[in-house]
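Which chain is which? The protein sequence lines are A and B, in order.
Position in the first sequence (from 1) plus 17 gives the number in the working numbering.
Position in the second sequence (from 1) plus 17 gives the number in the working numbering.
Keep in mind the hints are simulated off the structure, nothing from the lab.
Yeah, the Cβ is synthetic: ideal placement off N, Cα and C, and Gly gets one too.
Honestly, I wouldn't trust all of these hints.
[Said to hold, decoys possible] Derived list of chain A stretches under chain B, where covered just means 3 residues or more per stretch with a C-beta under 8 Å from a C-beta of chain B:
{"hint": "1", "stretch": "43-54"}
{"hint": "2", "stretch": "178-184"}
{"hint": "3", "stretch": "254-266"}
{"hint": "4", "stretch": "277-283"}
{"hint": "5", "stretch": "351-365"}
Spelled out from the first residue to the last, the chains are:
There are 2 protein chains.
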Amino acid sequence: SYVLVLNCGSSSLKFAVIDASTGEQPLSGMAERLGSDDAEIVFKQNGAKQTQALTPHTHKSALQALVTYLLGYPALVQSLTAIGHRVVHGGEHFREAILIDSLSQQRIADCSNLAPLHNPANLLGIEAAQEAFPQLPQVAVFDTAFHQQMPDYAYLYPLPYEYYRDLGVRRYGFHGTSCRYVTAEAARLLNKPAAELKLIIAHLGNGASLTAVKHGHSVDTTMGLTPLEGVVHGTRCGSIDPGIIAYLAHRLNKSTDEIDAILWKKSGLLGLSGLSNDCRTIEEAAANGHEQAQLTLEIYAYRLAKAVGELMIPLGRLDALVFTGGIGENSSLIRARTLDWLGFLGLQLDSEANEQCIRGKAGKISQNGHAAAWVIPTNEELMIARDSVALAAAAQGEQA
Amino acid sequence: SYVLVLNCGSSSLKFAVIDASTGEQPLSGMAERLGSDDAEIVFKQNGAKQTQALTPHTHKSALQALVTYLLGYPALVQSLTAIGHRVVHGGEHFREAILIDSLSQQRIADCSNLAPLHNPANLLGIEAAQEAFPQLPQVAVFDTAFHQQMPDYAYLYPLPYEYYRDLGVRRYGFHGTSCRYVTAEAARLLNKPAAELKLIIAHLGNGASLTAVKHGHSVDTTMGLTPLEGVVHGTRCGSIDPGIIAYLAHRLNKSTDEIDAILWKKSGLLGLSGLSNDCRTIEEAAANGHEQAQLTLEIYAYRLAKAVGELMIPLGRLDALVFTGGIGENSSLIRARTLDWLGFLGLQLDSEANEQCIRGKAGKISQNGHAAAWVIPTNEELMIARDSVALAAAAQGEQA
Ligand SMILES: Nc1ncnc2c1ncn2[C@@H]1O[C@H](COP(=O)(O)OP(=O)(O)O)[C@@H](O)[C@H]1O
Ligand SMILES: Nc1ncnc2c1ncn2[C@@H]1O[C@H](COP(=O)(O)OP(=O)(O)O)[C@@H](O)[C@H]1O
Chain A
18 SYVLVLNCGS
28 SSLKFAVIDA
38 STGEQPLSGM
48 AERLGSDDAE
58 IVFKQNGAKQ
68 TQALTPHTHK
78 SALQALVTYL
88 LGYPALVQSL
98 TAIGHRVVHG
108 GEHFREAILI
118 DSLSQQRIAD
128 CSNLAPLHNP
138 ANLLGIEAAQ
148 EAFPQLPQVA
158 VFDTAFHQQM
168 PDYAYLYPLP
178 YEYYRDLGVR
188 RYGFHGTSCR
198 YVTAEAARLL
208 NKPAAELKLI
218 IAHLGNGASL
228 TAVKHGHSVD
238 TTMGLTPLEG
248 VVHGTRCGSI
258 DPGIIAYLAH
268 RLNKSTDEID
278 AILWKKSGLL
288 GLSGLSNDCR
298 TIEEAAANGH
308 EQAQLTLEIY
318 AYRLAKAVGE
328 LMIPLGRLDA
338 LVFTGGIGEN
348 SSLIRARTLD
358 WLGFLGLQLD
368 SEANEQCIRG
378 KAGKISQNGH
388 AAAWVIPTNE
398 ELMIARDSVA
408 LAAAAQGEQA
Chain B
18 SYVLVLNCGS
28 SSLKFAVIDA
38 STGEQPLSGM
48 AERLGSDDAE
58 IVFKQNGAKQ
68 TQALTPHTHK
78 SALQALVTYL
88 LGYPALVQSL
98 TAIGHRVVHG
108 GEHFREAILI
118 DSLSQQRIAD
128 CSNLAPLHNP
138 ANLLGIEAAQ
148 EAFPQLPQVA
158 VFDTAFHQQM
168 PDYAYLYPLP
178 YEYYRDLGVR
188 RYGFHGTSCR
198 YVTAEAARLL
208 NKPAAELKLI
218 IAHLGNGASL
228 TAVKHGHSVD
238 TTMGLTPLEG
248 VVHGTRCGSI
258 DPGIIAYLAH
268 RLNKSTDEID
278 AILWKKSGLL
288 GLSGLSNDCR
298 TIEEAAANGH
308 EQAQLTLEIY
318 AYRLAKAVGE
328 LMIPLGRLDA
338 LVFTGGIGEN
348 SSLIRARTLD
358 WLGFLGLQLD
368 SEANEQCIRG
378 KAGKISQNGH
388 AAAWVIPTNE
398 ELMIARDSVA
408 LAAAAQGEQA
């Protein structure tokens, strides 16, 4: 059965019609630069690509364009059994995917404080989809849900306790849907039930996070209240001395918001390299002798390895370190550099296997030892599609 | 030979006359609450204690009171061979202790941007001591110096590179003098040259830091540009999601400086427990069933253990984890809780030894295994005295 998966970002809308059993995508595409003059939407179907300019440049008009396009393919619309929405922040309320009703919609809105750029966009997608397809069950799948069983000593920050109680300041973690998918895949590939595995999942994309997964549950993760914390991201700084913010505000005579924008948009791979937030560009420059690019990759791998060291604490033993996401699935260089630091955990690179696991190929990239390293491509959309089908079926069962 | 050691804090002045070979302190004391109406200075000599109120309430008047007191003991003054100053921030310039001259004094002033509360106070102490004892060599010993050999990939933050180049934003690390002392003691107690040891030193006082010491050099440490980063401190938060600052600024409608003050003064053990920044008070409350106090200790130990995991990356192997500082030297509870997480490194608590190593007693607190855990009391003042004697002797040698 087919699911329409919607991922409304702050200035983008990704969508796909997905076969929840095979992962096949008869239609997919993306609206980009929403809010700016050159907003456009791209549809990909049967290998063909079609682009439309968007006026007005809003999420709403992007969704309308998508609906109009879909209505031109009645058979495709007929085949849909649910619409699955990626929702960034589920706060402490949402511990798993849910069927959307008016109460849960309100609760997603209540979490907007925690993700002011993302949850409102997610809600726009939900409203537009309800209007266009009132007969279809709508499902929300949260980036944070997989981490909600984390123990309190892992999610609390050493801040005045009332900020947790009154303002919800705690570690939530993100990339949860990816971690859930990869955990299931790891269990399949390692041929052991998830309930017996201790994994560290390094999801390395434009945003990057590491999660310790113990017996199928997240027990700690490097992202926090926001997706800024943790390892080096494409344009975000990850963890830094929090004292740096006031220092920079004074030295540069800038406001909190201006410094915050630098930490989110001008830092990470981009800030260190001075070149790009794209790992490929930096690897090419490094190969051509660009010293700052070389140093950037060193810092990236070193901080990644340190995060693995941290996450060994809640795990105590490691079955597998799993690389996923754009960088994790493709950069044999970053993987090799990271494993160089991790010999003390019994990890030793298998260079040949490492070079082969790129562009979607899964495999083990370490030699036999106490622990293994793997590449396992993620598929958040497929996970959302599966959740949607399962919840839609459960809802129908209840109705019958 | 005797050294007058001065430690000028932002609102305090600690001082001691120390025998650099035995560590004996014929005179010691402290001026507190400088800048406030109830500023006072306490002298301890031969077991007797004498307190004086200070007017004006300045560092300068505290130093004058000390000089006046000293001049009442001409034999003691005669025995001094040097004055040693603790200086918090040596920036990238100072890689070891130095004899103070006008050039280096200017350079210490140049580092004031990096430690606006501390370096100016340190300079006041230096100026007053020069005026009172112009004939004595003055030595500066820096908290940051021991960390200056750290590699670039460990000290650079994933921020725009020009903030390092133009504003000095990097990891400096602190507690360096303590680490240097403890490293030498560890070599003595483990009966192995420092050049062959891999240590993690957990200096746990009101401020807390962990340092990876490889072959006698700091290779990474948890404090950063400022002493705010890293593990849980008495009133400071340590590492948090940097995104929390803008979040709190918005939710509480506060300025960067107001939030910064909360991170430095209302967080850490104090903020989490809601009780005190004093570990003893929290341990007592926890023993009496206070749940928030229990959780505070759990978080403290968990974050400490995670920092050990991180610092395993640059070390690759661990000879000894060393506890020092007020909490490290006295809290068998925190040590036990921390080691509970570290079994995978081959560390196993020796409960009996752990209970015995308190109030200045050094010893091994782990059972035989790959790695050992030790308690080694620190003595920063003695280290400063030794540095001062060594530099004064070298200077005299040059003159002769
Ligand atoms: N062959 C490759 N080598 C190195 N990095 C790659 C390669 N292919 C993609 N990447 C990197 O993957 C990152 C994007 O990851 P992705 O998971 O697609 O991001 P997002 O978080 O936006 O979903 C970019 O930094 C890109 O440079
Ligand atoms: N017996 C004890 N048990 C637990 N903590 C202790 C004990 N004695 C001292 N401490 C703690 O040591 C800390 C102060 O450490 P210290 O190294 O003296 O601080 P500073 O960083 O100011 O030099 C306080 O939190 C105090 O509670």
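Now the hints, each set against the structure:
Residue count for the stretch 43-54 of chain A with a Cβ under 8 Å from a Cβ of chain B: 0. That is fewer than the three needed, and the coverage hint is violated. With 3 residues having a beta carbon nearer than 8 Å to a beta carbon of chain B, the stretch 178-184 of chain A meets the requirement of three or more and the stated coverage holds. For a cut-off of 8 Å, the count of residues in the stretch 254-266 of chain A with a CB near a CB of chain B stands at 13, and the three-residue condition holds. Only when three residues or more bring their CB closer than 8 Å to a CB of chain B does the claim for the stretch 277-283 of chain A stand; here the count is 5, and the claim holds.
Interface restraint, the stretch 351-365 of chain A with chain B: holds (4 residues with C-beta to C-beta distance below 8 Å; minimum three).
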